[in-house]
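Given chain A's structure and the hints, the job is docking chain B onto it.
Here the protein sequences line up with chains A and B, keeping their order. Take the first sequence: its position 66, counting from 1, is numbered 846 in our numbering, and each next residue is one higher. Take the second sequence: its position 80, counting from 1, is numbered 93 in our numbering, and each next residue is one higher.
There could be a bad hint or two in this list.
To be verified - Beta-carbon label-pair distances, calculated as ranges:
(1) Val91(B) <-> Met799(A): 18 to 24 Å
(2) Gly833(A) <-> Glu55(B): 29 to 35 Å
(3) His89(B) <-> Asp818(A): 36 to 42 Å
Stated by the list, open to error - Take a look, some chain A residues computed to stay more than 10 Å from chain B by CB distance:
(4) Pro788
(5) Gly796
(6) Gln797
(7) Met799
(8) Tyr815
(9) Glu839
(10) Arg852
(11) Arg857
(12) Pro863
(13) Thr883
(14) Gln884
(15) Val894
(16) Leu895
Please keep in mind that the hints were generated in silico from the structure rather than gathered at the bench. Think of the CB as a built atom: it goes at the ideal place given N, C-alpha and C, for glycine as much as any other residue.
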Amino acid sequence: NAGVTQTPKFQVLKTGQSMTLQCAQDMNHNSMYWYRQDPGMGLRLIYYSASEGTTDKGEVPNGYNVSRLNKREFSLRLESAAPSQTSVYFCASRISGGSSTDTQYFGPGTRLTVL
Amino acid sequence: DQQVKQNSPSLSVQEGRISILNCDYTNSMFDYFLWYKKYPAEGPTFLISISSIKDKNEDGRFTVFLNKSAKHLSLHIVPSQPGDSAVYFCAAEGDDKIIFGKGTRLHILP
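In isolation and in its complexed conformation, chain A is listed as follows:
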């Protein structure tokens, strides 16, 4: 059981470049999430997917798109990267959809720098 995996671990982009961050979970969880963490800030929710086939905006969705490819995989795309998107990105998953009382399991993070 790998839990939640994220690729890549590190990435450097130039302003305007695009890239996709990959996330996969092997726990048969229904819900998946993308967060960003900036220095001195908590985790802020970018997008989430309560169940396969659905996606919803979180607190800071601007500049991002997501795809829930199947139950296991949830990708985050930056179409035109900006320096303000320099951050550490965490993917998470949990069993239930919507507001729930079960815990989230986080991946190890992707450290993204946009020059």
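Same frame as chain A, but now just chain B:
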């Protein structure tokens, strides 16, 4: 507007003593609260949680207290151990939101 506040960016506690981490929230629609622990270069891991219908939840060395009237929760770690040195995030859920605080860095001193 911060809906979940952890007002202490850092805290130092002697090994063996009690660590108390605090968290305040503003949205009365939050109905579930969680604490996560994070080591450098790793993702957060779940520590303990509490539902709004309770005022205390205990799990080994960790206890979370909830004071709904004050919109305040606290995490107590007794006794504190070196491996407890990490960043602790408070999170609140409800009203279709999941909001994290900025975190408190806990240093356990030998």
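Quick rundown of the hints versus the structure:
1. Taken as a hint, the range 18 to 24 Å is violated for the pair Val91(B) and Met799(A), whose Cβ atoms sit roughly 45 Å apart.
2. Checked against the given bound of 29 to 35 Å, the beta carbons of Gly833(A) and Glu55(B), roughly 31 Å apart, stay inside it.
3. The hinted range of 36 to 42 Å is not satisfied by His89(B) and Asp818(A), whose Cβ atoms lie roughly 29 Å apart.
4. Under the 10 Å C-beta cut-off, the non-interface status given to Pro788(A) relative to chain B holds; the minimum distance is some 14 Å.
5. Gly796(A), annotated as away from the interface, keeps every beta carbon of chain B farther than 10 Å; the closest lies near 28 Å.
6. Every CB of chain B lies more than 10 Å from the CB of Gln797(A), the least distance being 24 Å, so the non-interface label holds.
7. At the 10 Å boundary, the C-beta of Met799(A) stays outside the reach of chain B, the nearest C-beta of that chain being 20 Å off.
8. Under the 10 Å C-beta cut-off, the non-interface status given to Tyr815(A) relative to chain B is violated; the minimum distance is some 8 Å.
9. The Cβ of Glu839(A) sits about 8 Å from the closest Cβ of chain B, inside the 10 Å cut-off, so the non-interface label is violated.
10. With a least beta-carbon separation of about 17 Å from chain B, Arg852(A) lies farther than 10 Å from that chain, consistent with its non-interface assignment.
11. No Cβ of chain B approaches the Cβ of Arg857(A) within 10 Å, the least distance being about 20 Å, so the stated non-interface status holds.
12. Every CB of chain B is more than 10 Å from the CB of Pro863(A) (nearest about 21 Å), matching its label as outside the interface.
13. Chain B draws Thr883(A) into its interface by the beta-carbon criterion, the shortest separation being 4 Å against a cut-off of 10 Å.
14. The beta carbon of Gln884(A) is not kept farther than 10 Å from every beta carbon of chain B, the shortest such distance being approximately 7 Å.
15. Against chain B, the non-interface label of Val894(A) holds: every CB pair exceeds 10 Å, the least being about 20 Å.
16. Once the 10 Å rule is applied to beta carbons, Leu895(A) is consistent with being away from chain B; the minimum gap is 21 Å.
The structure fails hints 1, 3, 8, 9, 13 and 14 (numbered hints given earlier, in ascending order).
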